[in-house]
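A.B. asks: Going line by line, the protein sequences match chains A and B.
Residue 317 in the numbering used here sits at position 317 of the first sequence; the count goes up by one each step and never skips.
Residue 58 in the numbering used here sits at position 58 of the second sequence; the count goes up by one each step and never skips.
Don't take each hint at face value.
[Unchecked claim] Calculated cross-link-like contacts (lysine-lysine; reagent style BS3-like; alpha-carbon spacing at most 25 angstroms): (1) B:K239 x B:K287; (2) B:K118 x A:K40; (3) B:K229 x B:K118; (4) B:K73 x B:K6; (5) B:K287 x B:K229; (6) B:K118 x A:K44.
[Unchecked claim] From the structure, some residues in chain B lie toward chain A, with a derived Cβ separation under 10 angstroms: (7) P113; (8) G177; (9) V183; (10) G213; (11) H214.
To be clear, the hints were calculated from the coordinates, so they are not data collected in a lab.
No experiment lies behind these values; they were computed from the predicted model shown.
No residue lacks a Cβ here, since even glycine has one placed at the ideal position from N, Cα and C.
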Amino acid sequence: MTTLTFPLSRIEGHARVVIDVRDGSVQSAKFQATEFRGFKYLVKGAPAEQMPVIVPRICGVCSTAHHVASVKALEDAFSITPPPLALTIRELLMLGQLLQNQATSLFIFTMPDRLGVDSIFDVDETGMDGDTLAGVAARALHVRQAGTHLITLAGGQFIHPVKAVIGGVTGGISAEAADAMRVELADALPVACALFDTYWAHSVALSERLGTWGDDAPACYLTAVGGTHPNYYGDFIRLMGCEGGDVCAQFPAREFRTFLTVEEAEYSYAAQTSYQGNVLRANSLARANLVDSLDTPCANDYLQRFHREFGRPAHAILLFDLARGIELVYAIERAIEILRESLDGAETRLPYEPRDGDGYGLVEAPRGPLIHHYRIENGLIAQAEFVIPTVHNVLAIERALRVAAERYITPERVNLELERAVGRVVRAFDPCIACATH
Amino acid sequence: MKVTMKRFAVLQLSGCAGCEVALLNAEAWVEQYKLVYMPLVISAEDVPEVDVLLISGGVRTDEDLYKLRRAVKNAQQVVAVGTCAISGGVANLGDRDEVRALFLAEGDRPHVPRLLPKSHPVDAFVAVDLYVPGCPPTSELFMAVLTNPEAFQASKIVCQECGRRKLQDMRPKHLLGFQQGEVLPDICLINQGYVCIGSSTRGGCRAPCTRAGHPCVGCRGPSDVFIEKESEAWLTSIKRVFASLTDVPDEEVGAALRSPQLALFLFQFSDYADNKTVGGDRQPRPKEKVL
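Only chain B is shown next, with the shape it has when bound in the complex (with noise of 0.2 angstroms):
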């Protein structure tokens, strides 16, 4: 039987490993797939034929490159794992005019990988049949794609899957901010003046942070209906959620929604909607291949 396990790897890139280690919590892996590359738990020097590549990471160094290009010749299909992999993720709050000097500064060490000017999707390099967003995604996330993506069951946005109610009579004047007060069980937390973005969020996650009492800061990305068009569509719609359970100013919102722990995952899908932006011709990646 294990002759005809499928093989698969993961090759990681400049991260933080949270994808790897949200893998290895998928346990049933182990019985039904040969895991042949993952340097993370497996001594191989590179990535042989597999069925499935997994790659999480942005490509931040010119080692991170050769290796994304060597790897992905061996591979049937790619698989793009997590916010890093798919934007650049976090490492690309560093993609700002006031501190890009201090980055160049860094990358002067002899004997290192040299530092690429920003750290880049690896679709900017490569072709990808796959995007798997979230930051990490969940265990379950990682078997639905080592098994039958297309079987995977979720809502729409992360709203349906948090199972705090909304209220239509509980309106904040004001947001609390991320950090501030109490948090009622069970009730939106919108309604409790937080800035949560799970009414356009992505679904599949199962709404872990809200449950919690934390708000959705986007890690799935946009939901869709979104997933194609540019981060504005996206703000819009957010903004007018907020307007129809709130009375908190749109500016305001619109303030809270231009914040570093947003903005990291925000943008992963709608750059590439909008060429304004990135200046190239890549075309929107179509939700018919993200998970």
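Extracted from the complex, chain A is given alone in its bound form (with noise of 0.2 angstroms):
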């Protein structure tokens, strides 16, 4: 038996990939999640109104997510409905997280794998050619730093952001910071577009040299938006069965045990979801095949464009990212959109009673559906979970490693595009260690 371990880089946190081989078969292939902290021990005993801070420390890519999770789950537990004025920022806050987020993983993780470079800081070294690609790191950086200007206005701080608070906000945005942001993002999306653009040609490129765009059988999907509008506050799980079509099941977060099985692994501190015994996805793909249209503009021609060239649904690996793209421009037109209406109004948070009991909060993370619990007892935490996106996606990325490595292991040899197919594809689904371990 030969074990191929390859490291991983351009994903958030430390993971690796070790295949197992014999005689020029591949026996398996594993994705290890190597870092643990233990946020649902470590949270035990803490006053429970004191998880919209501590929990956000998760991770610093997806904080906004636990943050507003946290919010929504003690919201359930006190039954409080924060008002309409909250819900708003509170989607803002969402799409700067999806802006900022999408941007970083297009641009700064996957790019690269596109023009064959080891970072994207490294093509202005290169010369490649001048006029799509001239500066474009700094581009880059320009749009998503966008993102979180916007998370920074919304929130507060763009990582570990504190203005959510149980029962609403704290405090709603003035007309004069919001019409500067929406300058700012008026300005970005042109840059937005042409680097999108700029992306999926030499993604069309890549996937001409590889002569696929990393097909892989049907998986289900999983989503916290709707088909139409689609909020990534969230409020419903969707499935989608393998075969397309409709919406199978539609359940609140606190009914996901129902559907969803969670389960530990030995080899990885990350454990890994599946449904009825199917390979279940989550991210950017699982929203462009359960979504029908995005309702701005230019996002939608990317959609609309996306569903012709690819069908619905789409499985190809490679996919994935360019799904991200149509999301990076959406949510810069959703939040221009909301920058137009009133957010300075009084009423931006409501008072509530602290009570014992079970909460959930779900919102779609750029990630995925992320569900928060806890289970509070005396006001502080006697249980909490953290279902957490990325576990969703883990059997899904075992599965595309193994379809990599037996397409560039033969009897014969190893063929070394196999080091980069691992990159391509652990980076397609854009994990998220420090939240898939916590």
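Using the hints, put the two chains back together into the complex; each one sits in its own frame.
C.D. replies: In structure tokens form, the structure reads like this:
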């Protein structure tokens, strides 16, 4: 038996891929998460009301999603519904997170794979074709930064935000601040579209070079956004079966155990989810498959083109990346719309009475549906569960890795393309290991 | 010109990557520095020779320790950034009798790095030249680290950067708790009954949380006055501020300060000044080494 180990970079956190080969035949392909901090244990005994400050620290890339999910879980436990303005500001927060994340994943994590460089920051030095790639790193950071500014505006800080509180948000957004943000986003929109067009073209070139978009067997898809007017604030989880078509199951966060099987693995600090024995997929491709149309013009054009060119449901691995670009554009357009509304109203939070019991909070994080569940006893956390989007994708990642391994490993030799393929496959799922292991 | 660019690397141990994300937002370094190692954004096997090595995250696994020891030997200057690298961070909330057994059970897996008994600060194992507290440090602080830390201008405490007015005649009798109440703009959060500890928390963050209406939880750690002292000195000072601005009983303030979300940050420096707790021979980190 030969064991091939691939360290991973340009993803969030610490993980590696381990492929076992015997006589040229792939025995297994494992995705190992190699870090662990133990949030589900360390929050035990903490006052429940402090969770919105503590749990964003699960992940600095996804802190907004944890912040909002945490507040929603506590509001569920305390039976309080925040005023409409607070919900709008939280939607803005989630859009800022989406914009920031998709820009990072597209341009910093996966663009180098399309260009054959180690990092986006190397592109300028290599003197690649001037027009579309000139200053690509600076432009990508610029677009990404608009997302961080949006989170700061709606959340106070762009990492570990603080503005969502139980019952609402700490305050509104002044017309002046909203206008300035709108201008910044309007400036970022054409830059983002141009970068995405470049990305799309280089992805096509990559697929032609490889002879595949990363074909893989069908999977079930999972998201917490609706089929039209997707709201990343999240309401229900929707499941699409392997054969596509209509939503085959729809359920609130508190019923997740009825539909999702979450199991620990002894070779990794991350668990793995399945649905009735089927491989699940969350993240951008799940949303592209489940969403009929987007209610903003540029993003909807991209989505319709995506559906036309790749069918629905689409299953090829590299399409995760393209779908991310559609959402990058959507986040900017939708945020611009919201910022036109009046956001400095007086009622931003309602009082609440803390009480014991169970609370569930659901958001659609950039990587998929995220659930926080807290059991509260005497005002303290007695049990905490974090159902993490990356965990839904672990089995799908391993299956795709196996497909890639079988493609590049023969009894005669291991094609060196395998190492690059492993990176591309894992990055397509944009896994977050800090979240997955928490 | 590029030949003379200073080279820097970022080693991420067990943490949340928030520090790295904050650094990415400090985009000006792209023009001035050559980033040669940072697995989050670059495919590179190992830390090469660098002028500056930034380390984020705590030492939680044997693999963290191994990477740390390997990396520092190639660095001219070692900088610990963020709460986890400075104190072990949020993961240290698990270093309690009630939950320790649960962690030990998790560590029983084969094929993954072994968990150490607790999350350690970086300087438990290697010498650190500069500490940059914050959870995470702001992008501005990252730029200061890379360009000229000595030239960084900041107020001594968050209070001075916050801009909210302190009133002598608005004296709450009890604390509101972190999540309750409607926040009045422009008025000190302590006057409004919030447990805000910006009055003795190190400045330099420009007070984004209090400006957004959320009390300071002290992620930048103590100001220079308290950084070499035991945590008790800091707690006493916070209580004194509450006594001068509110009529909240001393015990109520004391109880509120002993909460996990503050404990994350309150003790990031002070443990080192208190050999009784640590039981070691470590010296306090000198304030000259803290940005």
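A.B. asks: Hint by hint, say whether it matches the structure.
C.D. replies: Against the structure, the hints come out as follows:
A C-alpha spacing of about 23 angstroms is found between K239 of chain B and K287 of chain B, which places the hinted pair at or below 25 angstroms, so the restraint holds. Distance check on the hinted pair: K118 of chain B and K40 of chain A sit about 16 angstroms apart at the alpha-carbon level, within 25 angstroms; holds. The suggested pairing of K229 of chain B with K118 of chain B holds, with an alpha-carbon distance near 24 angstroms, which does not exceed 25 angstroms. A hinted pair counts as satisfied when its Cα atoms are at most 25 angstroms apart, and K73 of chain B with K6 of chain B qualifies at roughly 17 angstroms.
Using a Cα cut-off of 25 angstroms, the hinted pair K287 of chain B and K229 of chain B holds, with the two alpha carbons roughly 11 angstroms apart. Under the criterion of a C-alpha separation no larger than 25 angstroms, the hint pairing K118 of chain B with K44 of chain A is consistent with the structure, at around 17 angstroms. With a cut of 10 angstroms, the hint placing P113 of chain B at the interface with chain A holds, because the nearest CB-to-CB distance is about 5 angstroms. For G177 of chain B, the interface hint holds, the least distance from its beta-carbon to any beta-carbon of chain A being 6 angstroms, beneath 10 angstroms.
Annotation: interface hint on V183 of chain B holds; nearest CB of chain A at approximately 5 angstroms, less than 10 angstroms. Residue-level restraint check for G213 of chain B holds (minimum Cβ-Cβ distance to chain A is 3 angstroms; threshold 10 angstroms). About 4 angstroms separates the beta-carbon of H214 of chain B from the nearest beta-carbon of chain A, less than 10 angstroms, and the hint is met.
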